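Engineer: Each chain is listed here by its residues.
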Amino acid sequence: MRITQGTFSYLPDLTDGEISAQLGYALGRGWAVAVEFTDDPHPRNVLWEMWGLPMFGLADPEGAMQEVLACRAQYPGHYVRVSAYDASLGRQTTALSFIAGRPAAEPGFRLDRQETTDRRLRYSLHPYAADRPREERYAENSEQNGTQGG
Amino acid sequence: MNQRPEPAPRGFAMPRPGTVQPAPDCANGAEPAPLPADATVDLGSQEQALRISALLGRLDAEFIGLAPVKDRVREIAALLLVDRLRQGYGLAGSRPSLHMSFTGSPGTGKTTLATHMGELLRELGYLRTGQLVSVTRDDLVGQYVGHTAPKTKEVLKRAMGGVLLIDEAYYLYRPENERDYGQEAIEILLQVMEAHRGDLVVILAGYADRMEVFFRSNPGMASRIAHHIDFPDFTRGELLQIADTMLEREEYRMSPEAREAFAEYVSLRMAQPRFANARSIRNAIDRLRLRQARRLVAAGGVVARDDLMEISAADVRASRVFLAGVAGSGLTERGLAPHIPAG
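Line by line, the protein sequences are chains P and F.
Residues 1 to 150 in this note's numbering are what the first sequence spells out, letter by letter.
Residues 1 to 343 in this note's numbering are what the second sequence spells out, letter by letter.
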């Protein structure tokens, strides 16, 4: 199941050229871009691990693009996300966030039903990949990862 | 932003992941078909050629003297234009390496030109953003093991698309300390200069003799820099011209006698030690302004706009350079230590 989240969730995966163009757009607006990654893409897991520090003071997307590529190469089988932070007064929030890399195969989520008191039901989403230990969650397809961006 | 080719109409179907062909790299855009081999292009009418000549005209106006430097910039501009034309014919072309080293005496305009270089190269279409990131050793070299590489990479990332100016680059390399981290910074620099040749231009600036030592101990650096540009010292006439433009920019003017006195001043100052070309001229003008202000305040009374702008011959003649020139030992007679730069 292909996970979608962020700004371009409705589009097919962005190519490297498109990612670079988006980085350029963010930098042009004066936003600081950051690269994050995770292997726990549960929709409620909003805090992914940071790849280095947010990049302030960049002018050209090339520097940030190198970080995206480096993160993908270092963490194959992980989701990689680019987020752009708008520090301007009154906004001060993430202005743009999109997935810039994903594992080649995504097993998806199952719905867990838990019966509690008085026949009430609680539901939770459980990623199949989370049954495996960290760093191995998408490991079997790690060698094919990172090629999606063409 | 994302100009995708229109996909075939599919009614209201949701796009299926993986089935849509990735759009061609929109950052590079589609190249137009090459011109036929027998086509001709009028160099003079090219829009880019016009822009280049305007640009070079401005460079000529802003920088006085520096003929070899301007020649080199002209060559680079011409090469970039010809490359563009060759592309039009579909001829092979690689991006020329434009890393430069600026060497020359103090005050010959190395740093000033470097700050203009980014804008220049952007307008020539070589650089994407053309911003200038000016750094010295402190910004590149860390204080402990493992500190240097991230620091240098951070700076390089900021410089992408523009110019990285390393002022007084020879401080990067400290031969007397073999555990110095400067070498690490140099290695990262070299690597990026090679791999990202089209993304950024590295300019090393510094005094000629020390740069020579630096390059001798880092042959890799010397060979990766295509343009070694030596900034000549200014002649007396050029220095006077520089003074004129500086005064004009500050909205001052000299009386004819003051100008004459200033020309004399420049000749005397040039003969003295620690003469730093345009920088000395700038300092001299700053002191002229001081003396003019003191004169005006001491005189009191009513002043007009012209009085505030005018620098008189007396202001110039009050300089210690004249004392030294006339009395020979003027400096010591006045009880000044000889190491204070004469002004």
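Calculated directly from the structure, the hints in this document are not laboratory data.
Remember, it's a predicted structure, so these values are computed and weren't measured experimentally.
It is possible that some hints are incorrect.
What the hints assert, rightly or not - One side of the interface only, derived from the structure: several residues of chain F facing chain P at Cβ under 8 Å: (1) R128; (2) T129; (3) G162; (4) H196; (5) D199.
Stated by the list, open to error - Sample of chain P residues with no beta-carbon within 10 Å of chain F, all distances over it, derived: (6) N45; (7) W48; (8) L58; (9) A59; (10) G63; (11) P76; (12) S88; (13) R91; (14) D118; (15) R119; (16) L121; (17) L125; (18) H126; (19) P133.
As the list claims (entries may be wrong) - Simulated restraints on C-beta separations: (20) P/T93 <-> F/L290: 46 to 56 Å; (21) F/A276 <-> P/G6: 54 to 64 Å; (22) F/A276 <-> P/P54: 33 to 43 Å; (23) P/R29 <-> F/D71: 33 to 43 Å.
Backbone N, C-alpha and C define an ideal beta-carbon position, used for all residues, glycine too.
Engineer: All hints are to be evaluated individually against the structure, with a verdict given for each.
Structural biologist: Hints and how they fare:
1. At a threshold of 8 Å, the smallest CB-CB gap from F/R128 to chain P is about 6 Å, leaving the interface hint in force.
2. Given hint, F/T129 at the interface with chain P, holds; its Cβ is 4 Å from that chain's nearest Cβ, closer than 8 Å.
3. The restraint placing F/G162 at the interface with chain P holds, with a minimum CB-CB distance near 6 Å, inside the 8 Å limit.
4. Taking 8 Å as the C-beta contact cut-off toward chain P, the hint placing F/H196 at the interface holds, the least distance being around 7 Å.
5. Hint on F/D199 holds. Least Cβ distance to chain P is approximately 5 Å, under the 8 Å limit.
6. Residue-level check passed: P/N45 sits 21 Å from the nearest beta carbon of chain F, beyond 10 Å.
7. For P/W48, the non-interface assignment is confirmed: its Cβ lies about 21 Å from the closest Cβ of chain F, beyond the 10 Å cut-off.
8. At roughly 6 Å from the closest C-beta of chain F, the C-beta of P/L58 falls inside 10 Å, breaking its exclusion from the interface.
9. With a least CB separation of 4 Å from chain F, P/A59 falls inside the 10 Å interface cut-off, contrary to its annotation.
10. Distance to chain F contradicts P/G63 as a non-interface residue, since its nearest Cβ pair spans about 3 Å, not more than 10 Å.
11. Listed as outside the interface, P/P76 is consistent with that label: its C-beta sits roughly 19 Å from the nearest C-beta of chain F, beyond the 10 Å cut-off.
12. Every C-beta of chain F lies more than 10 Å from that of P/S88, the closest at about 20 Å, which supports listing it as non-interface.
13. Look at P/R91: its CB is around 20 Å from the nearest CB on chain F, clear of 10 Å, so calling it non-interface holds up.
14. Every C-beta of chain F lies more than 10 Å from that of P/D118, the closest at about 39 Å, which supports listing it as non-interface.
15. No Cβ of chain F comes within 10 Å of the Cβ of P/R119; the nearest lies about 36 Å off, and the non-interface call holds.
16. With a least CB separation of 29 Å from chain F, P/L121 remains clear of the 10 Å interface cut-off, as annotated.
17. Once the 10 Å rule is applied to beta carbons, P/L125 is consistent with being away from chain F; the minimum gap is 19 Å.
18. The beta carbon of P/H126 is kept farther than 10 Å from every beta carbon of chain F, the shortest such distance being approximately 22 Å.
19. The Cβ of P/P133 sits about 28 Å from the closest Cβ of chain F, beyond the 10 Å cut-off, so the non-interface label holds.
20. At roughly 51 Å, the beta carbons of P/T93 and F/L290 sit within the given window of 46 to 56 Å.
21. For F/A276 paired with P/G6, a C-beta distance near 55 Å keeps the hint of 54 to 64 Å intact.
22. With their beta carbons about 42 Å apart, F/A276 and P/P54 fall inside the hinted range of 33 to 43 Å.
23. Judged by the Cβ atoms, the range 33 to 43 Å given for P/R29 and F/D71 holds: they are separated by roughly 40 Å.
When held up to the earlier numbered hints, the structure conflicts with 8, 9, 10 and fits the remainder.
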